[in-house]
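*Asks:* Protein chains in written order, with full-length UniProt numbering: chain A, 1 to 327; chain B, 1 to 327.
Quick caveat, the hints were computed from the structure, so don't treat them as lab data.
Honestly, I wouldn't trust all of these hints.
Heads up, the list lumps identical chains together, so a pair's fine if it works in one copy or across two of them.
The calculated lysine to aspartate or glutamate pairs, modelled on DMTMM-like cross-linking and capped at a C-alpha distance of 25 Å, are [unchecked claim]:
(1) K315 <-> D207
(2) K125 <-> D274
(3) K68 <-> E87
(4) K125 <-> D281
(5) K24 <-> D232
(6) K134 <-> D274
(7) K4 <-> E246
(8) K24 <-> D43
(9) K134 <-> D281
(10) K3 <-> D222
(11) K201 <-> D251
Keep in mind that this is a model prediction, so the values were computed, not measured.
The primary structure of each chain is shown beneath.
Number of protein chains: 2
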Amino acid sequence: MGKKVLVAGGAGFIGSHIVDRLVKRSDMDSLVVVDNFWTGVPDNLAGITDPRLHFVQCDVENFATAEKFDEILHLASPASPPWYMREPVRTIKANLLGALNLLEMLAPGGRVSFASTSEVYGDPKITPQPETYKGQVDCTGPRSSYDESKRCTESLLFEMHRTQGVDIRIVRLFNVYGPRTRPDDGRAVSNFLSQALTNGKLTVYGDGQQSRSWGYVDDIVDALERYFWLDDIDYVGPLNVGNDREVSVIDIANYITQLVPGTIVEMCPPIPQDPTNRRPDLTLCRKILPGWEARVSYEEGIKRTFEWFRDTVMKGAETEAPSPIRL
Amino acid sequence: MGKKVLVAGGAGFIGSHIVDRLVKRSDMDSLVVVDNFWTGVPDNLAGITDPRLHFVQCDVENFATAEKFDEILHLASPASPPWYMREPVRTIKANLLGALNLLEMLAPGGRVSFASTSEVYGDPKITPQPETYKGQVDCTGPRSSYDESKRCTESLLFEMHRTQGVDIRIVRLFNVYGPRTRPDDGRAVSNFLSQALTNGKLTVYGDGQQSRSWGYVDDIVDALERYFWLDDIDYVGPLNVGNDREVSVIDIANYITQLVPGTIVEMCPPIPQDPTNRRPDLTLCRKILPGWEARVSYEEGIKRTFEWFRDTVMKGAETEAPSPIRL
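This is chain A alone, in the form it adopts within the complex:
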C-alpha cells in the first residue's frame, strides 16, 4: 500500500511547488490538497493532471475527513506582513487551529511536517541566526499574529513529539521568492517586479539598508523535499532553510531598475517593526542535508521571477501598481 499524503496550503506559493515534487513520487497512493485560496490561487495547480490528487477548497482549520494520512505537510498560512497584519485572527487560526485539526487526521506512525519561519527570531540581535537562538519577538506588536502563531505551532508539535512520540519535521524558512509569488504579495521582490511592470516606480521603505536572505524557490523546495520525505533523517527540527547570502532591499531594487529600463526607485517611510536583518545560520542544514546549497544567485533568481511575472501574471493585468502598504 502506498502513502496517503495531505498538503495544507498546497495551492499557495511554496505549497504548490511542494505538490509539483510530490506528484513525482511513486510510493504515494493519494494526495489530498487543502487550500482556501486566501493567498493561494487555482492556477498554481493548473498544470497537474495526476489522478491521485484530490483538491478540497477549505480552511485548513475546518477541513474534515474520516481518512487518515501517513504524511501531513502544513503550509497553510499567509507569509507576507500586509496579508497577516490585515487578518491576524485568521492567521492564528490557519497556523495553530490548522495544526490541531491536522493532527487529528494523522495515521499512527505518521509524520507532520510544518513550515515555520525565520520570523520566530523576530528582530534578531545576533547574525546569522542559529536554530538555538531564542528570538526577539514583540508578542504584542503588529507582526505578532504570524510570529507568535508560528512559535506556538512549533511548541504544539514539539510537545506532541515529546509527550506522544509524534514524528515531526519543522523547518524555519527564511525569505523565499520566485515564480508563483503573488504580484500583490507585498514583500520586496514581488512589489518591485509588479511596480517595474506597471508604473515603473519601485518603492523602498526606510533607508533600504534592511537586508534579507533571499532564497529562490527551487533551491528551498529542494531542501524541503529532502527533509520532509526523501532523505532518511531522524532530526525533528527546528531546521533553518534559506539562502545565507544577505542582500539589502535597496540592492534588489537597483538591480531591477537595471533589468527593466525606465524604472526608478522611490524612497518611502519605514514600516513599523520591520526587522533590520535576517540571515540563516546554515551549519545544521548543511549537516542534515549534505550537499545541499542555495545555488541560484539573486541576479539569476530575480531574472527568472521577472520573466514569470511578465509572461504569466502581468499579461492582461491592469496596468496599476499594487497599493502601498497601509497598517
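We have chain A; now place chain B onto it with these hints.
*Replies:* Below, chain B alone, put in the same frame as chain A:
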C-alpha cells in the same frame, strides 16, 4: 442594567479570589463562572452564596452560550510546570482556543481581561524585566506550551485591539502563592508546605539559588481588581504584576524549616529550563495603579499559607508527600 461578567477559570487559585472580589460589586447583574476543575476545585467557591453567580463546569474552549458579556476575565489555564508539561496540548487549547471562544461572547464595547505570565520572558537575560523586554523563550522546549500559548494569546488580544478596537487588559503575573494553592501544585511554596506537613523533607531542585518574586495572592488580586474593573484606566497592557522582592528558593525552604520544627531540606537534581531568575520591573505598575504595593512580606505570606494548608487541606489528607516531578 448592571453588567454581565464571565470568569473563565473562576474555581482556580487566582480565579476564585477574583470571584470573591467580583461578588462585592453592586454594578453587576450576573456572574457566570466557567471551570472544568482541571486545576480548580469546587471548594474554592464553596463560601459564595451570591444568587447572581451561575457556575458552569466546562472547558473554556468548549463553553457555549447565547449570552453576551460586558466583561470577560480569562484565567483558565494551569500555571504550574508539572501540570502544563503533562498536558501541553490541553494547555494550549485552554489559553488560546479559550480566548478565541470567549471573544465570540463579548458584548459590543465589552472588555476582555487576560492573565498572562512572566513566563513570556522565558529565562531572562535582564533583571528586573520591564514589559518591553521581548523575552528568552525556547519555543521548542518542555515549558513552551504554557509560555508560547500565553504569548500567542497576548498577540491575539492585542491584534483584536489593534484591528477591531476590542477593549483589553493584559497582565503578566509573576509567581503567586497563598491560600487555595493546590497542595499538589508542584511549585516551590506549596511543595514545601505539603512536604513540611507530611514527610518533613523539603525538596529543592538544583542549587536552590534560582530566585522568584513571590507575590502573596491578596496583594496580587488587589492589583487585578483595580486594573481589570475598579480604576478608570485606559492602558490596555501588558502590565507586570507581582512582588519585586526576589527571594531564592533555598531561602523559602529554610524559612519553612524554621516555621515547622523537625523538617529538613533535601537537594535534588535541577529541572530542565527552570529559569534562574524572575523579577518584575514594577515602574509601570506603580504608575498605572498609584499607591498599590505588594505589602505582605514573604515571611507573613508563607505563615498565612501554611496555616491554611494545615487547617484546611491537610486535615484528614493522607500523610503522603506529593510525588517528585517527573518530566
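*Asks:* Within, between, both or neither: how does the pair K24, D43 come out at a Cα-Cα threshold of 25 Å?
*Replies:* This pair counts as within: shortest intra-copy Cα distance 19 Å, inter-copy 61 Å.
*Asks:* Within a copy, between copies, both or neither: where do K3 and D222 come within 25 Å Cα-Cα?
*Replies:* within (20 Å within a copy, 58 Å between copies)
*Asks:* Quick one: K4 to E246, C-alpha cut-off 25 Å, is that within a copy, between copies, both, or neither?
*Replies:* Neither. Shortest intra-copy (38 Å) and inter-copy (54 Å) distances fail the 25 Å Cα cut-off.
*Asks:* From the Cα coordinates, with 25 Å as the cut-off, is the pair K24 and D232 best called within, between, both, or neither?
*Replies:* within (18 Å within a copy, 63 Å between copies)
*Asks:* For K134 and D274, with the copy left unspecified, which applies at a CA distance of at most 25 Å: within, between, both, or neither?
*Replies:* Both, since 18 Å and 15 Å are each at most 25 Å.
*Asks:* As a check of your reading, is K201 near D251 (CA-CA no more than 25 Å) within one copy, between copies, both or neither?
*Replies:* within (15 Å within a copy, 65 Å between copies)
*Asks:* Within, between, both or neither: how does the pair K125, D281 come out at a Cα-Cα threshold of 25 Å?
*Replies:* both (13 Å within a copy, 22 Å between copies)
*Asks:* Tell me, please, which holds for K134 and D281 at an alpha-carbon limit of 25 Å: within, between, both or neither?
*Replies:* Classified as both; 13 Å inside a copy, 21 Å across copies.
*Asks:* Up to 25 Å between alpha-carbons, please classify K315 paired with D207: within, between, both or neither.
*Replies:* For K315 and D207, the Cα distance exceeds 25 Å both inside one copy (32 Å) and across copies (68 Å).
*Asks:* Up to 25 Å between alpha-carbons, please classify K68 paired with E87: within, between, both or neither.
*Replies:* between (30 Å within a copy, 24 Å between copies)
*Asks:* Between K125 and D274, at a C-alpha cutoff of 25 Å, which is it: within one copy, between copies, both, or neither?
*Replies:* Classified as both; 14 Å inside a copy, 23 Å across copies.
Consistency with the previously given hints fails for numbers 1 and 7, ordered from lowest to highest.
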